[in-house]
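Once you've looked at the hints, dock chain B against the given chain A.
From first to last, the protein sequence lines stand for chains A and B. The opening position of the first sequence corresponds to residue 1 in the numbering used here, with each subsequent residue numbered one higher. The opening position of the second sequence corresponds to residue 1001 in the numbering used here, with each subsequent residue numbered one higher.
Everything labelled a hint here was simulated from the structure, so no lab data went into it. Take these hints with a grain of salt, some might be off.
[Said to hold, decoys possible] Covered by chain B, per the in silico footprint, the following chain A stretches (three or more residues, Cβ under 8 Å):
1. 13-19
2. 51-65
3. 109-122
[What the hints assert, rightly or not] Here are the computed distance ranges between Cβ atoms for each label pair:
4. S130/A to A1096/B: 50 to 58 Å
5. G40/A to D1370/B: 40 to 48 Å
6. L1359/B to A30/A: 21 to 29 Å
7. G1778/B to M207/A: 45 to 53 Å
Every residue gets a Cβ at the ideal spot worked out from N, C-alpha and C, and that includes glycine.
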Amino acid sequence: MRIGVVTFPGSLDDRDAQRAVRIAGAEPVALWHADHDLQGVDAIVLPGGFSYGDYLRAGAIAARSPIMNEVVDAANKGLPVLGICNGFQILVEAHLLPGGLVRNDHGDFICRDQYLKVENTDTVWTNGFSEGQEIVIPLKNGEGGYIADDETVDRLEGEGRVVFRYSGVNPNGSVRDIAGIANERGNVVGLMPHPEHAVEPGFGPDMTDAMRSGTDGLTFFTSAVRALAVSA
Amino acid sequence: MTESTPSHAPALGAAAEAAATRVVDSVDNAIATPEREQPYAALGLKEDEYLRIREILGRRPTSGELAMYSVMWSEHCSYKSSKIYLRQFGQKVSPAMKKNLMVGMGENAGVVDVGEGWAVTFKIESHNHPSYIEPFQGAATGVGGIVRDIISMGARPVAVMDALRFGAIDDPDTARVVHGVVNGISFYGNCLGLPNIGGETWFDPVYQANPLVNALAVGVLRHEDLHLANARGVGNKVVLFGARTGGDGIGGASILASDTFAEGGPTKRPAVQVGDPFAEKVLIECCLELFQQGLVEGIQDLGAAGISCATSELASNGDGGMEISLDEVLLRDPSLTAEEILMSESQERMMAIVSPDKLEGFLAVTAKWDVETSVLGEVTDTGRLVIHWRGEKIVDVEPRTVAVDGPVYERPVAYPAWIDALNADTASVLPRPSSGSSLREQTLQLLGSPNLADKRWVTNRYDKYVLGNTALSYPDDGGMVRVDEESGLGFAVATDANGRYCQLDPYEGARLALAEAYRNVAVTGATPVAVSDCLNFGSPENPEVMWQFSRAVEGLSDGCLELEIPVTGGNVSFYNQTGDVPIHPTPVVAVLGTIDDVARRVPSGWQDEGENIYLLGTTSLELDGSAWADVVHSHLGGRPPAVSLPREQALAGLLAAGAHEGLISSAHDLADGGLAIALAEAVLRFGLGARVWLGELLERDGIDNATALFSESTGRVLVTVPREDDVRFRGLCEGRGYPVLRIGVTDATAGLDVQDVFTVPVDELREVHRAPLAAAFGPVVGA
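One chain only, chain B, in its complex shape:
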C-alpha cells in the first residue's frame, strides 16, 4: 500500500513538535508530561481517536507513537470507513470458492492454486492522488508498490497491467497528466523487466482533477515457495534492506492538506515518493534468491506508513513482540527525526525476519546484489512493539492496536436524492438513426471517440515482450502469460469498470464490471478463477458516496458468490473528487483465469478469410449509460443493461470448450459501443474485413438496426469459426443451449460491409480509430 489519502496529514506536525522541544519524546517523558498539547488534528486524527490512543496506552502517546497511530489509523491504511462492508467478501463464500484459494484477503496479495504445483498471486491497487500531483513519479511508484506486494508472497513478478482514467481528452491539463502517468508506468515497468499485458484508458470530465491510476501486478510461484509476512520465532532478527530511508513520501499524498501547516515550519519535503526501478529490480532478484536459499522466515514490503506499517504488521501477524532500534536505519539524510524515519515512504525497501543462524547467509546474498542491509532488532516474546532511538525508548505499544484494531466507522449512508430522476431519464427515447448513412456516421463517431479509440499511443510505450511468455496483450481483450514452459500452463487477466453504469446503479454497475472482466478472460480461452478489486469512490464523509460504496460492494460480493470466484484482495481509494463533485463510482474489477495450454489462446480479431462470424447471446434495447448515448447525445441516464451471471457462466463454459477443442479462431467481447465497435475492432485487429448481415438478428430479437449496432446488452461475444468446424461449433452451442446466430463471413476485400446498411474500408476505420489520441497527445511512431 503506497497511497495515502487527504484524510490524514503528514508527520511533519510531530517532527515539528520534536524539533521545537529539542528533546527526544521518550515514553518516560510522555509519562512525565501528561498535559502536553499534541498536534493530533494536524496529523489527521479526530479528538475521539486521540483520546482512544491515550486510553489504550494509559498515558499520552509519545510523538513517535502519535505519528505511527495517525498514519496507521488513516483511511488508507486502516480501511476504517470501508471495513464493515468489505467483510462481505469474506462472508459470501461457497466451498467451491475456497477450493483453489491458498491465501485470501488480508495478506499482501491473494494466492490461487493454478495446478501442476504452480500458484499465481495478483493484486490491483490505486495510486490516484500522487498521480495527479506528480503524474510521472506517482504512477511509477504505484507500479513499484504493487510489485513489492507480489514479491513479499515469495513469488516472481511476471506481468503488470494498469487501469487508467483521465479527465476530458481536450482539457488543457489532461495532456500533462496523461504524459506523466503513461511515461511513469513505462519507465518503471520497462526498467523492472515486466511485460505490460493490457489494461484500460478512459477519459471523462469526472476524473479531471482526480485521475485514477490503478496498477495491477501478477506473480507466479511454486506451492512450496509460498511465504507469509509475519514475525515469528523469539530471537529472530528484524532486518531492513534495499534503498536507504530518506525524507521523501512522508505523509504520502497529504501534500493536499499541507496548507494547514504554519509558515516558518520545517521545510516541506516532497510528499510524493520518488521511484528507482533499478533498485527495485535488484531487490526482486535479491528477494527471490533469499527465498530460494531458505534464508528468510518472511519478507514484508515497505509502502504507505513505511517502518511504522512494516513493524506493526509483522509483529501483529506474529506470535510475540518486536524490539528495534531506529539508530540502525541507514539514512539518506542524517537530519531526519525519529518520527520522520517512522513515517518515511521511501521506495524500494523491504523488511525481513531472519533466523540468527541464517543471518550470515542472508548478508552474503544482499552483498552479492549490492543491496544495503541493516539489522534493526529482533522478535521478542513480550507482546509489545518497542522502538528505541538515541538511547531512549520512544515507542512501546501493543502492535495490534496500531495495525489491526484501528477505529471502525459506520458512516452515515443516504440514498442519493438525484438518483430516481436520473434513472427515469432513459436513453431509449433519444432519436435513433435508421438510414445507412447516419448509422455509418455514428459508427465512425463512436470508433473515433476517445474511450473507444485505439490506445496504441499508450501501449506502444510498454514492453510486452520481456520474459518471453506473453501469449496475449493489448489490443486483445485480456492479457495472457505462460507460467510453465513445458506444459504451456498459463493465466489470463482483464480489468474492467464502467463508471457511467455505476453512476446509474452502483449495485448493478459493480456486477457489470465483474461480468465484463469475467467475459474478457473467457474470450481468451481461459477459465476465470479469482478476483481482485480496486474500489475508487468519492469522500466517505458524503453519505451519498457511502451509499454508492455500500451498494457496489454488495453487488460485487453477490456477483462473486453467484459466479463462485473469490475476491483475493484489493484496495479502497476514497476521496476521489474534482472540487466538491465525487467521481463516478469506479470499482475496477480484475479477473484472473487459467488455461491448460496457452497455445490454445484465442485472439480478439479474425486472421483468416472465409470464416463464419457468429454472434453469441441476444440483443435488446439497452442504450442507457451506453457509449452511443454519451458520444452521440452527451446523455447519461436510465438504468444500466441487465446482467445475468449464470448466463455469463454458461457463455464462459462454452468459450472454454470451444477453445479447448480448437473450434474458435477468434472471440471478442461486446461491450462499450456494442456490436458496431466489436465488429470494427475485430476487423482492425489484423486488418481483415468482413461481410455482415443483420436481418436475422433484427427479426429474432425484434430490434432495429441502431439497437443491433449500438446496444450494450451483456452476455454477447463475437466469434469466428473455420468452415470445417462449423457443424461441431453449432452443436456445441445447441448442446449448451446458448443463443447463436451466424451474422457474417470474413472477407479480405470487403472492408467492414454491413450489408444493406453501410460499408467502411479498413483504412478509413483505422484512420478514424487512431486519430483521437494522436491528435491530443502527439503522433505514434510508425502509425
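Chain A extracted, bound-state conformation:
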C-alpha cells in the first residue's frame, strides 16, 4: 500500500502526514509539486501548511501547481484524496470540493484540541469510525471558516457529504459547524483539523484519561489502508 504526500513550497505538516501513513502500516511516498508524476500511489494526502505563504488566497496558488493536474484527474477517476487544513483549502481552490474557507470569525490563528462528530463513515478515510462518534483532533488554522451558499450546504447535508462537524465549540465560525466534507463519490475528503497529529500516544491531543494520548486521527489512515486492501 503506497500513499503519496504532496510537498508544495510552504507545506509544513508533510513529514507528519508521512509519519501517520507509516504508523498506519502503509508506505509513504513523497510527491513534489512541480512534477507531473503520481508515482502510481494508491491514495494521496495534501498536507497542512502555508503553501506559497497563503498569498492571494490560502491554497489558491498550490491548486494551480503542475502536480494538481494529475491529482484532479486521478481524484475524478476515484483515487482517494485527503486534504488536511491547507490541503482542504487546496481541494476547494481546485474545485474538487465545494465552498470556500475564510478568515476565522474571531480574526486570530487558533490552536486547540478540537472535538468533532463523525457524520459519514462511508468514505475511504472514515470507514473505521462509527456513525456519530465523538473524536478529538488537533486544530490549528487562521483561515478555517467554512462558507458556502445555503443551497450548497443544504445539498451537502442532504447527500450526507458533511463528514465532520465541530462539537462543543465552533472554533472558526464555520457555517453549520462544518469541519469537513466529501465529494459526491466520497473518495475526496477535506477537513480543517489535523488527524496526522493524533496518531501517536505522547504526541497527540490531551484526553480525559491521559495527556497527549489521543490517537483518533490514526483511524483516518487505517481506514484508507483497509479500504484500499479490500479494493485491491
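Quick look at chain B alone, frame taken from chain A:
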C-alpha cells in the same frame, strides 16, 4: 543578530553624502580628498572611533567603509560595552562544562552533544526596540533572525519559544504592543512550521515604552552535519541567496534617532524590517538540502548590518580575504546606493561559501526551491575584504578590523545610591493574613494577577503540534521535543528571569533566574546541560546600569560554574528604558536539558486521583520581591530569596532519578506566588482537585500559613507519587538527603481544599485564572 540599538544611526547619512556628491566615493577618491567632512556622528560613531578608523586605514574611510564600520562597531554588533564582562563566561569553565560542548560562544549559536550521534543547537536573542515601534513585524522578524542563526549551524530548526515582557496590563498602549507582538510571533512561527513550546509573558510598568521580546530557537543535527560559517579556500565562490535586497531595515531600530536627520534629506525608509516567513521556510529547506548534498563550505545568515556583517565575519573567520562586487546583488529597488546595499537588513537572506566545482549543483538546488541566487565574488588570499561597485573599489579593509577588533569600553560603574535603602525595605514587616478567608482572598488575588494568570490567550495562537515531536509545552514548566523517533531521545528547554529580584540584587537575581530555569527543566524529567542568555538592561552610559550589568554577568557566570553547565551563546540588549528610567535588569536565562526517552516526561499537574502530594525542599520567610508583595502590597524591597545551587543540583538529580524510575507522575516548580500558586496551577493543569494540609510544614519549618503559601523560597518542587511507588519514592529522597514532606492527596471532589484554611472549587480557580488576559485583550476561543 537583527536588532540594532539607538546607539547608532542609520546609513542614511552616508547615503545622503553619496547622493549629494553624485560620485562613487571610491578608495582612490578617499585618498584624493582626505579633508572631506564625513557624517560619522550621525552614524553613531564617536570622534575617537572615527579617528581610529582613519588610523587603521591610513586614510579617511570611503562612505561605504564608514557605513560598514559604523554599524559593525555599534553596541549591538560589537558588544563594546559588554565585552570585558562577557569574557567571564569563557573563563569560568570546568572540564565537565567542556565535555559535551561542540561549539561554544562566538559562533552563530552554541552546539551541544546530546548523545546517540545527535547534537542540539539553541540560542535566545532580543528584538526589543523594533517590537515597540512596530510590534507585529518587530516580533516576527525576531523569530526569523534567530531561526536563521540555527540554520547556519547546519541544523534543522525544530522549536521556538519566546520570553515576553510588556508594560502594565491596563495601560492603553499595552494592548497595541501585545496584539502586535503575539500575532507577529504567531504569524511567523506558525508559517515556518515550528512548534512554539513555551516561554514567559510578564507585565510591569518598567517595560511600558520598552517591551522585551526575546526569541529562542532550537535546532537538531547529526554530529557530522555541523557547519561553521567561515570563508576558507582561495577561489571559493561567495554566493548571496534568498530574498532580494531592499531598502528595509537600514539602520535597524535607529528610527529612534531619526530626528537627527535634516529636513529635505532622503526619504526615510522603514527602519523596522519586514518579514516573509514563506521565503524563510523555503530557505530552511533549501539550506538543509545544500548541507545534505555537501554543496557548501559554510553558510552565514544576514541579520543586523546585512552584507557588511556577513562578509566581514565570514572573511574574519576564514584564512584569507574576500573580493566581491555589489553590482551582482539582486535588488528589490534599483535606486539603492552602495552604502544602503551594504547596510540593508532585508530579511530571509543567506550568504554561502561554495567550492567552484560545486557551484552548478548549488544553483540546481536553489533553482529547485525557487530561491534567487547570485555569485558576488570569491575568497582570496590577500587578507583584505575588497568590495567593488560600478567599476570602482569602494571598500578595501582588513576584515578583522571591522568584525572583531572593534572598540572595547570600560564604562564607568557606580554602585546605585538607592540600593541600600531598597534592600533595607523588607516585605517581612508587611501585614500577613492569618484568617482562612483572607488567605483565600489573597490566593485568588494572586492567581488572578496578570503575571500569574493563565496565558492561553497568547499560547493558543501558536502551533504546538507541527513536526509531531512535541512532548511538553505550555502550561508545563518546560517545553520538550523528541529528537530521535526510534530511541525517544529528546531535549527540554525553559526560560526564566525575574526582573524584580534583579532590581533588588542583580548578582543574586541572575543566579535565581538560572536556578529557576534549571529547575523548570529538571521537573520535566530532563537533565540540564547548557545555557543561553539574553541580557536586557538599560543604557550602558548610565554607571548604575553598568553596575547592574556587571553584577548580573558575574552572578550568572558564577552560577553556571557552580552548576557546571556552560553558556553556549546569547546576546546583550542595552538601552532598554522608559523615558529616562531603565528597565529592571532582566537577564533572561534559557536552560537546555536532555532526556533519554521523552516517554518518561513528567507534566506539571496531576492527572490521577488518590496520589500522594509531596513538597520537596524547605520554606522560610522569603517574601521580598515576591508576587505577594507586588500584588497585595504594591511593594518592592528587601533582598531576594537565598538560592543554593548545590541544592538545586541535588534536587535535579532526585527528579531525574524519580522520572527515570517512573516514580513521579507530576512535578511542578514553586516560584512566583509560592506554594499557593503552584497548588492552584497543578489543579488547573488537568482540572483535578486535591486535599492539602499545612500543619506539619508549619511545624517543621517554623512558619505561619501566609509564609507557607506565599513565600518564594527556592529549591522547592511539588510532586505527585502513585501510592504503589510511595515507599520507593521516600527511599529515594532519604537516600539523597533531600527534605520531603507529604502535604496532601489528589481528590476529584475536593477542588483546592487547604484543610482548616480554605477551599476553592476548580471552576472558581479556573475563572479567576483566565480572567485577566481575556479582560484586557479579548476572549479566548472556547474558553
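Structure-based check of all given hints:
For the segment 13-19 of chain A, the stated coverage by chain B is satisfied: 4 residues place a CB nearer than 8 Å to a CB of that chain, which reaches the threshold of 3. For the segment 51-65 of chain A, the stated coverage by chain B holds: 4 residues have a C-beta nearer than 8 Å to a C-beta of that chain, and at least 3 were required. Only residues whose C-beta sits within less than 8 Å of a C-beta in chain B count toward coverage, and the segment 109-122 of chain A has 4 of them, enough to reach three; the restraint holds. Checking the proposed 50 to 58 Å range against S130/A and A1096/B shows it holds: the Cβ atoms sit about 57 Å from each other.
Range check, G40/A to D1370/B: about 27 Å between beta-carbon atoms, so the 40 to 48 Å window is missed. Distance hint check: the CB atoms of L1359/B and A30/A are about 27 Å apart, consistent with the given range 21 to 29 Å. Distance hint check: the CB atoms of G1778/B and M207/A are about 29 Å apart, inconsistent with the given range 45 to 53 Å.
Checked against the numbered hints listed earlier, the structure breaks hints 5 and 7; every other hint is satisfied.
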